[in-house]
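Asker: Line order of the protein sequences matches chains A and B.
If you read the first sequence in our numbering, its first letter stands for residue 1, the second for the next number, and so on.
If you read the second sequence in our numbering, its first letter stands for residue 1001, the second for the next number, and so on.
Hints listed in this document are in silico derivations from the structure and should not be mistaken for laboratory results.
Computed from a prediction, not measured in an experiment: that's the story for all the values here.
By construction, the Cβ of each residue, glycine as well, lies at the ideal position given by its N, Cα and C atoms.
Be aware that one or more of the hints could be misleading.
What the hints assert, rightly or not - Incomplete in silico selection of chain B near chain A, CB under 8 Å:
{"no.": "1", "residue": "Ala1059"}
{"no.": "2", "residue": "Ser1129"}
{"no.": "3", "residue": "Leu1130"}
{"no.": "4", "residue": "Pro1148"}
{"no.": "5", "residue": "Val1168"}
{"no.": "6", "residue": "Ala1172"}
{"no.": "7", "residue": "Val1198"}
{"no.": "8", "residue": "Asp1203"}
{"no.": "9", "residue": "Tyr1457"}
{"no.": "10", "residue": "Glu1459"}
Said to hold, decoys possible - Calculated cross-link-like contacts (lysine to aspartate or glutamate; reagent style EDC-like; alpha-carbon spacing at most 16 Å):
{"no.": "11", "chain 1": "A", "residue 1": "Lys277", "chain 2": "A", "residue 2": "Asp244"}
{"no.": "12", "chain 1": "A", "residue 1": "Lys80", "chain 2": "B", "residue 2": "Glu1240"}
{"no.": "13", "chain 1": "A", "residue 1": "Lys149", "chain 2": "A", "residue 2": "Asp186"}
{"no.": "14", "chain 1": "B", "residue 1": "Lys1149", "chain 2": "A", "residue 2": "Asp164"}
{"no.": "15", "chain 1": "B", "residue 1": "Lys1441", "chain 2": "B", "residue 2": "Glu1459"}
{"no.": "16", "chain 1": "A", "residue 1": "Lys150", "chain 2": "A", "residue 2": "Asp186"}
{"no.": "17", "chain 1": "B", "residue 1": "Lys1179", "chain 2": "A", "residue 2": "Asp186"}
{"no.": "18", "chain 1": "B", "residue 1": "Lys1346", "chain 2": "B", "residue 2": "Asp1372"}
{"no.": "19", "chain 1": "A", "residue 1": "Lys169", "chain 2": "A", "residue 2": "Glu306"}
{"no.": "20", "chain 1": "A", "residue 1": "Lys48", "chain 2": "B", "residue 2": "Asp1132"}
{"no.": "21", "chain 1": "B", "residue 1": "Lys1403", "chain 2": "B", "residue 2": "Asp1428"}
{"no.": "22", "chain 1": "B", "residue 1": "Lys1137", "chain 2": "A", "residue 2": "Asp72"}
{"no.": "23", "chain 1": "A", "residue 1": "Lys169", "chain 2": "B", "residue 2": "Glu1459"}
{"no.": "24", "chain 1": "A", "residue 1": "Lys48", "chain 2": "B", "residue 2": "Asp1202"}
{"no.": "25", "chain 1": "A", "residue 1": "Lys247", "chain 2": "B", "residue 2": "Asp1428"}
{"no.": "26", "chain 1": "B", "residue 1": "Lys1340", "chain 2": "B", "residue 2": "Asp1372"}
{"no.": "27", "chain 1": "B", "residue 1": "Lys1179", "chain 2": "A", "residue 2": "Asp136"}
{"no.": "28", "chain 1": "A", "residue 1": "Lys247", "chain 2": "B", "residue 2": "Asp1132"}
{"no.": "29", "chain 1": "A", "residue 1": "Lys208", "chain 2": "A", "residue 2": "Glu306"}
{"no.": "30", "chain 1": "B", "residue 1": "Lys1272", "chain 2": "B", "residue 2": "Glu1220"}
{"no.": "31", "chain 1": "B", "residue 1": "Lys1164", "chain 2": "A", "residue 2": "Asp164"}
Said to hold, decoys possible - To list a few chain B residues with every Cβ distance to chain A over 12 Å, as calculated:
{"no.": "32", "residue": "Ala1058"}
{"no.": "33", "residue": "Asn1139"}
{"no.": "34", "residue": "Asn1184"}
{"no.": "35", "residue": "Ala1200"}
{"no.": "36", "residue": "Ser1204"}
{"no.": "37", "residue": "Met1308"}
{"no.": "38", "residue": "Pro1375"}
{"no.": "39", "residue": "Glu1423"}
{"no.": "40", "residue": "Asp1428"}
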Amino acid sequence: MLPGAGFAWGLTMRGAGLQNLAYPLRSVQGTVTPSRMFFVRDHFEPPKVSLETWSLRVEGRVQHSYALGFSDLVELPSRKLEAVLECAGNGANGSAVSNGVWEGVPISVLLATAHPASDASSVLLEGADRGHLLSDRPLLPYSQVVPMKKCLDPSSLVAYKLNDLALPKRNGFPARALLAGWYGMDSVKWLQRIVVLGPGDRDTVFEKSGMNREYNRLTRQNGHLRVARVSSVKVKSAIAWPSDASKIPAGRYSVWGFAWSGSAAIDSVLVTTNSGKRWDPATLSPHSPRYGWTRWSYPWNARPGEYNVMSRATDRNGNQQPLRRDPTRKDTYELDWCAPVHCTVG
Amino acid sequence: MSLIGVHRFTARWAKLRNILALLVGCSALVAASTCPDQSLKPGNTISQFKELDSQAEAAMRQRRPTAAIHLYKKAICLFPNSARGFYGLGVAQLAARDFAGARVSFQTADRLQSTSPMPLIMQVRANFSLGDMTALKANLRDVSIRFPKDEQAHTALARFLAEKRLSVLALAEALRADKVSDGNPISRVQLAVLENMVGAYDDSIDNATSVEQHLALPNETRAAAAGIAGLSYESLGEPEQAIQYLRKAIKLDASRENSYLALADLYEQSQKYSDAVEVLKQARLQLGDSPTILLPLGADLIRAGQYMPGVQIIHNLLRQNPNIDQAYISLADAERRMRKTAEEVKALQGLERHNPRYPMLHLLIAQAMLRDAHPDYAGILRELSLAETSAPSDADVFYLRGKVLIALKRYREAISNLSRAAELRPTDVSTYYQLARLYRKLGNNDMAAKQFRKVRYIESAATK
């Protein structure tokens, strides 16, 4: 376990029970991250949620507000999909990313029952965990606001299973949002409220807690600072083996890792062992799901010397992983560039 | 509940109601052409129906579902709106593995007699067998809407779904049952079991301890609850609490095998083998010589260093149950610890006779043979060839073969095998060490030095 690996938030983190866990990618045997090895990033202490009292309310700009319990939720028509969850602040080659098979009820099904108003534009997702997100803000639940369009996508779920088992407590048991293809912060854990919002609804817990100030892409161009919400996961690859600053004896090895993108399945991965002078195609695993990651490998006959190994992914929409960080970026999210792994072969 | 059991249960259910109420009207739902016997027409007597019905029940009891289907179809010809007829037909079709037919029959029974949850419960079974989870969930929703307070129905569904390992859905039904049960301890224990199964350990502990603390309840129920609390505490990583509750479970009901096994397992995990032995000896005293107790008892005796009694128990176990793979492994483990190599090999060969596909068995045999004071090198090489066939990229096979070939002075082949082992597992120091010693023996000091450098390099990398 790597405490704090890839952690790059600027948020106030308070509470003894907060968890910040990640496991080396090399410990993933197949293509799915075992539930016990799923990364965890908490903003607040995990709430005490009892199955008997837990409920999910669907309300806001709807004709019919309602609440459902755990039994009601799991007996609704469900969907299963493989999807990566990546922390928006996961470092290049970081391990705050996991891939699982999720099962849950499409959010669209829950919304349809409530009959949203015709001007409904976004949805507030609220968790049962609460705290002071920023030191000058009140005690409020964790929340995110997501466009209605994304919520109506069949890949957006209220998930209650991960890898065919109930969600682990630390990953949002009994139910969490799962917005496949988007960064992890929107997949609200311990989900307790879905609130349909209209264009004028501005004074929600999202704004009051200060969450609207976080997870924004800040770019400075021509002296102007542009702010946009971080959402869809950028195309990215990570090297699981070798690890950075490793020393290995000369020999034949397989450099391997994972590649993923929020926009489309992975099309190709290139690998260099000489700081980018020459790039060769890696072999992709035939299993290449739309929202899940793709495992790749590259045979390497390592001779004594110093090496910078890098990987570079392209998705089926033609998006290619950048070689370096966009110099106009002023935030610490979407760390998607091809970071070198330094390796000494003796 | 078995299908026959369900049938009997339903028969009792039906008898509670006036059978005439089930034989509503005579409008032909079933076309006359589907009647196996054209002489049977709607409107015949109830006594004829009853006769066919009891014959069909008898056929089910005799495990002749095809005959029962035929008889129920005849009965339905007499009374085409008979819920009981369609229900019985569905049960018989289920038993005959005609799941699609069964589903239709239960749907019809439900339409005709919508005041009982049984046709819906049986549709769940049919839909499970058809792999139709969407329809199964729709049935569960129907039960929850139409029979929200029927504890028996929710409990039966929870049990069935748990049996089929649909633990989240089982939990959903157990929650429904608990909600309407007014604190029924059996429902609560079932709920705690399922909560423990899906990982809701805090809920499981809350529910289980509430039952365990209820002094007026029978000890068996309290023991089951204490056992569940123990397992949940174990899963939460609180072994002291887990031990406390599992001990309580044993004290309350000394006849529950699972409590002993779970407690012994906890001790094994913390390598307290003597404590595990004590628990299992107590279990043996109470419950006799069951394989589920004898196997861990033998293995733990061996791990605790009490080889002879351990070996004796495993030998006795194998005499009664020669197909327990792990017993051979435990036996081999004991012989290895006692440095009785020939006996160790014999134990592993015993496993080979019963399960030749046991993973890496030939490598285990080769390793055991190599420990002998006068190894049978030809035999070891034969075992390694077999091991390579099943696992062609296992570094251990090549490493071990390299060592054997060195002993046989077949140095070139040894180098080739050890090099292959290094290629397959480049960070293993022992392979380079063997290669270095071999090159030095052959007078190739440069190559020997190179291998030693690799050893030092890996060791230095490991310490950083």
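Asker: Confirm or reject each hint.
Answerer: Status of the hints after comparison with the structure:
1. With a least beta-carbon distance of about 35 Å to chain A, the hint placing Ala1059 (chain B) at the interface is violated under the 8 Å criterion.
2. Here the hint on Ser1129 (chain B) is broken, as its CB sits about 19 Å from the closest CB of chain A, past 8 Å.
3. A hinted interface residue such as Leu1130 (chain B) counts as satisfied when its beta carbon comes closer than 8 Å to some beta carbon of chain A; here the least separation is about 16 Å, so the hint is violated.
4. Hint status for Pro1148 (chain B): violated, given a least beta-carbon distance of 10 Å to chain A, over 8 Å.
5. At about 5 Å, the closest approach between the beta carbon of Val1168 (chain B) and any beta carbon in chain A falls short of 8 Å, and the interface hint on this residue holds.
6. Of the supplied interface hints, the one on Ala1172 (chain B) holds, with its beta-carbon coming within about 4 Å of a beta-carbon of chain A, less than 8 Å.
7. Nearest Cβ of chain A to the Cβ of Val1198 (chain B): about 4 Å, under the 8 Å cut. The hint holds.
8. The interface hint given for Asp1203 (chain B) holds, since its Cβ lies 5 Å from the closest Cβ of chain A, which is under the 8 Å cut-off.
9. With its C-beta approaching chain A no nearer than about 4 Å, Tyr1457 (chain B) sits inside the 8 Å limit, and its interface hint holds.
10. The interface hint given for Glu1459 (chain B) is broken, as the beta carbon of that residue sits about 10 Å from the closest beta carbon of chain A, more than 8 Å.
11. Using a Cα cut-off of 16 Å, the hinted pair Lys277 (chain A) and Asp244 (chain A) is violated, with the two alpha carbons roughly 19 Å apart.
12. Restraint check: the Cα-Cα separation between Lys80 (chain A) and Glu1240 (chain B) comes to about 38 Å, which exceeds 16 Å; the hinted pair is violated.
13. Taken as a hint, the Lys149 (chain A) and Asp186 (chain A) pair is honoured in the structure, with Cα atoms around 14 Å apart against an allowance of 16 Å.
14. Annotation: proposed proximity of Lys1149 (chain B) to Asp164 (chain A) is violated, straight-line Cα distance about 29 Å (limit 16 Å).
15. Between Lys1441 (chain B) and Glu1459 (chain B), the direct Cα distance comes to roughly 23 Å. Violation of the 16 Å bound is thereby established for this hinted pair.
16. Using a Cα cut-off of 16 Å, the hinted pair Lys150 (chain A) and Asp186 (chain A) holds, with the two alpha carbons roughly 11 Å apart.
17. Note on Lys1179 (chain B) and Asp186 (chain A): the hinted pairing is violated, with a Cα-Cα distance of about 33 Å set against a maximum of 16 Å.
18. A C-alpha spacing of about 12 Å is found between Lys1346 (chain B) and Asp1372 (chain B), which places the hinted pair at or below 16 Å, so the restraint holds.
19. A threshold of 16 Å between alpha carbons decides the hint, and for Lys169 (chain A) with Glu306 (chain A) the separation of about 43 Å lies outside it, so the pair is violated.
20. Restraint check: the Cα-Cα separation between Lys48 (chain A) and Asp1132 (chain B) comes to about 35 Å, which exceeds 16 Å; the hinted pair is violated.
21. Taken as a hint, the Lys1403 (chain B) and Asp1428 (chain B) pair is honoured in the structure, with Cα atoms around 15 Å apart against an allowance of 16 Å.
22. Distance hint between Lys1137 (chain B) and Asp72 (chain A) is fulfilled; the C-alpha atoms sit about 10 Å from each other, no more than 16 Å.
23. A hinted pair counts as satisfied when its Cα atoms are at most 16 Å apart, and Lys169 (chain A) with Glu1459 (chain B) does not qualify at roughly 40 Å.
24. Distance hint between Lys48 (chain A) and Asp1202 (chain B) is fulfilled; the C-alpha atoms sit about 9 Å from each other, no more than 16 Å.
25. Pair hint Lys247 (chain A) plus Asp1428 (chain B) holds up; C-alpha atoms about 13 Å apart against a cutoff of 16 Å.
26. At roughly 8 Å between alpha-carbon atoms, Lys1340 (chain B) and Asp1372 (chain B) fall within 16 Å of each other, so this suggested pair holds.
27. Between the alpha carbons of Lys1179 (chain B) and Asp136 (chain A) the distance comes to roughly 42 Å, so the proposed pair goes past 16 Å and is violated.
28. Proximity of Lys247 (chain A) to Asp1132 (chain B) is assessed by CA-CA distance (about 53 Å); at most 16 Å being required, the pair is judged violated.
29. For a cut-off of 16 Å, the pair hint linking Lys208 (chain A) to Glu306 (chain A) is broken: about 51 Å separates their Cα positions.
30. This hinted pair does not check out: Lys1272 (chain B) and Glu1220 (chain B) have alpha carbons roughly 28 Å apart, beyond 16 Å.
31. Restraint check: the Cα-Cα separation between Lys1164 (chain B) and Asp164 (chain A) comes to about 14 Å, which is no more than 16 Å; the hinted pair holds.
32. At roughly 37 Å, the least C-beta separation between Ala1058 (chain B) and chain A is larger than 12 Å, which holds for a residue marked as non-interface.
33. Remark: the non-interface label on Asn1139 (chain B) conflicts with the geometry, its nearest Cβ contact in chain A lying 9 Å away (cut-off 12 Å).
34. The claim that Asn1184 (chain B) is not at the interface with chain A holds, since no C-beta of that chain comes within 12 Å of its own (minimum 14 Å).
35. Listed as outside the interface, Ala1200 (chain B) is inconsistent with that label: its C-beta sits roughly 6 Å from the nearest C-beta of chain A, within the 12 Å cut-off.
36. Non-interface call for Ser1204 (chain B) relative to chain A: violated, since the shortest CB-CB distance, roughly 9 Å, does not exceed 12 Å.
37. At the 12 Å boundary, the C-beta of Met1308 (chain B) stays outside the reach of chain A, the nearest C-beta of that chain being 39 Å off.
38. Consistency note on Pro1375 (chain B): stated as away from chain A, and its beta-carbon is indeed over 12 Å from all of that chain's, at 30 Å minimum.
39. Listed as a non-interface residue, Glu1423 (chain B) fails to keep its Cβ farther than 12 Å from every Cβ of chain A; the least gap is roughly 6 Å.
40. The claim that Asp1428 (chain B) lies off the interface is violated: its Cβ sits roughly 10 Å from the closest Cβ of chain A, which falls inside the 12 Å cut-off.
Hints 1, 2, 3, 4, 10, 11, 12, 14, 15, 17, 19, 20, 23, 27, 28, 29, 30, 33, 35, 36, 39 and 40, counting from the list given before, are not met by this structure.
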